[in-house]
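Number of protein chains: 2
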Amino acid sequence: MHLATVTHAGGTSAAVLDGSSWRALPAADLSALLDSGAEPVPGEVLAGAVPVLPLPAPRKVICCGLNYADHILETGRELPAHPTLFTKYADTLAGPEADLLLPAGLQVDWEAELAVVVGATLRRADREAALKGIAGYTVANDISVRDWQYRTLEWFQGKAWDGSTPVGPVVVTPDELDPAEGVEVICRVNGEQVQRGNTRTLVFDPADLLAYISTFTVLRPGDLVLTGTPGGIGAARRPPRYLADGDVVETEITGLGTLRNTVRFVN
Amino acid sequence: MHLATVTHAGGTSAAVLDGSSWRALPAADLSALLDSGAEPVPGEVLAGAVPVLPLPAPRKVICCGLNYADHILETGRELPAHPTLFTKYADTLAGPEADLLLPAGLQVDWEAELAVVVGATLRRADREAALKGIAGYTVANDISVRDWQYRTLEWFQGKAWDGSTPVGPVVVTPDELDPAEGVEVICRVNGEQVQRGNTRTLVFDPADLLAYISTFTVLRPGDLVLTGTPGGIGAARRPPRYLADGDVVETEITGLGTLRNTVRFVN
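In order, the protein sequence lines correspond to chains E and S.
When the first sequence is numbered by the working numbering, its final residue is 267 and no position is left out of the sequence of numbers.
When the second sequence is numbered by the working numbering, its final residue is 1267 and no position is left out of the sequence of numbers.
Just so you know, the hints here were simulated from the structure itself, not pulled from any lab data.
The C-beta atom is built at its ideal place from N, Cα and C for all residues, glycine as well.
Heads up, some of the hints might be wrong.
[Stated by the list, open to error] Simulated DEER-style distance windows between Cβ atoms:
{"id": "1", "chain 1": "S", "residue 1": "Ala-1028", "chain 2": "E", "residue 2": "Ala-235", "range": "21 to 29 Å"}
{"id": "2", "chain 1": "E", "residue 1": "Gly-76", "chain 2": "S", "residue 2": "Arg-1264", "range": "40 to 48 Å"}
{"id": "3", "chain 1": "S", "residue 1": "Asp-1147", "chain 2": "E", "residue 2": "Ala-69", "range": "21 to 29 Å"}
{"id": "4", "chain 1": "S", "residue 1": "Arg-1123", "chain 2": "E", "residue 2": "Ala-28", "range": "19 to 27 Å"}
Bound-form chain E, shown alone:
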C-alpha cells in the first residue's frame, strides 16, 4: 500500500492509493490512523487530493548519523559499533512541497535519508519484533544548520529548527519495499545531483535501529526513525557549499517518491 495524509475539504484525511486515486481512511492523518490502530479500510475517492506531511504528530523523531558504510570508509573512519543517535521534534517536520523557512545567515545543508515509520509499540524488541513493527518507509531530508550543529559537541541545536525537515510524500508498506534489497537515496540541488547512495550499504538497517532504540526508550505507532545520509553533503566539500535563498532541494528515493522544497530565508 501507498499511504498518505492528503488535503481534503479544507483539512486533511489519511488516504490510501487505489490506482491513480486517493481513497479516504478513517482518520484526519496518518499519525491519528496509526495511533488509533484502526484497519486501513478504504472509503470514498478524494477528488483533487494532494499529499502533505504524512505524519504531523510523531511523539519521537530519532535520527541516526554516520550510517552509510561507503561514505564512512571513504572518509577513512572505521565502521561504528553503535549507532550515533540524536533527535528532532514533530515541530521540525515540513511537508513534501513546503518551503523551508529559516533565518538568513545560517549554514544550511542537505542530508537525503530513508525514514522508517513505526507501526507497533516496541520495548526492548529484538530484530524480528522490530522488523514486524515497521509500518512503512518514507523520504526525509535531515536539513542541518551546520554552524549551530558544531557550536557544541551535541548536534541537536543544529538539527531541530522548526519546519526544516521535509518528510513524505507517501508511506510505502514493507510488503512493497525492502531497503535491504537496496533503494537509491538521491539529493539534487537546483537540478544538480549532490548525493546518491544505496540502502544496501547501511551499517545499521531499519530493524537494527528500532531494536537498539527500544532498549532505552519505547517506540510507538507513528514514531519516525531517520536512517542517516550517504556521502555528498555540502559541509564536506572544499570549499563547503551551503543552501542559498531560493535553492530548490529535491530528495528522491526509488520506489518512494520525491520531496521538492525551496529554501526561503526570512527575518
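Add chain S to chain E, keeping to what the hints say.
Chain S only, in chain E's frame:
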C-alpha cells in the same frame, strides 16, 4: 505558589499548597493545567494528597550540559560561548519518590539539576520575554547511563532511558524563588553528600536558555528545561563511582524540596 500534581481519588489532580493542605486546581495534572491556560483558582482541600510527577506530559524536555562555572573552571576548560543542549522525553521522567528501574550492568550516574517549567509560548523570545514565560522551578536529577552516553559522540542514548529522570516534588512560581539570587543544588547517595553547587554560578541562566532554545524551536506551556549539574558526578571520580542496586539518591534544592529515589536493577 507551590504547585503540584497530587494523588486524588485513584487518579491525580493539579493542586496548590494552602498552608499545609493541597487544594484542587481544575485539571488532572500540571501538564493539563498549563496546556489549558486556566487560572489556578483553588478548590476543595484534597485530604491525604501526595505529590507525584508534576509534569507527566511535556512536549519537550531539553537539557543543558556544562553550565556551572565553578565546575567548568576546575576542570581547566574555558567557559562555553553557547549552551550544550540535548533531549529527553516525557517517557524519561519519574516521580519524586519513584524507584528508578534500569537493567543491571549499566554505569548509572547522578546529576542534580534545577529545572525550569515553561509557562508561555516562546518563539524567538528575548531574555525579557523568556523571563516572563517561566511558570516556575522544580528539582530534577538528570540520571545518566554513562557507558551508553559515551558509546558515540551524541549523549542522547545515555540520557533518555525510560523512567530514569526524577522530577518534582513541587513547582514553585518565580515570585517565591529566584535562581539568580542563588539556591543550593545538592545530591546525596545513601545519605552521603556527593554534589553541592549554587545556581549563582550558572553560565546560562534560565532566561538565557529559554531565549536561546526558542531561536530554533518553539517552547510551550509545560515544557521542561534542565539547567545542568554542578561538580561531583560519579564518572569524574578516580576510580569512577556508579550507582548500585538499592542505592538511594536524594536530590535537593533549597526552597524547592527533595526527590528521594531508589535505583532498582531489573532484567
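Results for each hint:
The beta-carbon spacing between Ala-1028(S) and Ala-235(E), approximately 46 Å, falls outside the hinted interval of 21 to 29 Å. For Gly-76(E) and Arg-1264(S), the Cβ-Cβ distance of about 44 Å falls inside the hinted range of 40 to 48 Å, so the restraint holds. Hint check: Asp-1147(S) to Ala-69(E), Cβ distance near 25 Å, so the stated range 21 to 29 Å holds. At roughly 25 Å, the beta carbons of Arg-1123(S) and Ala-28(E) sit within the given window of 19 to 27 Å.
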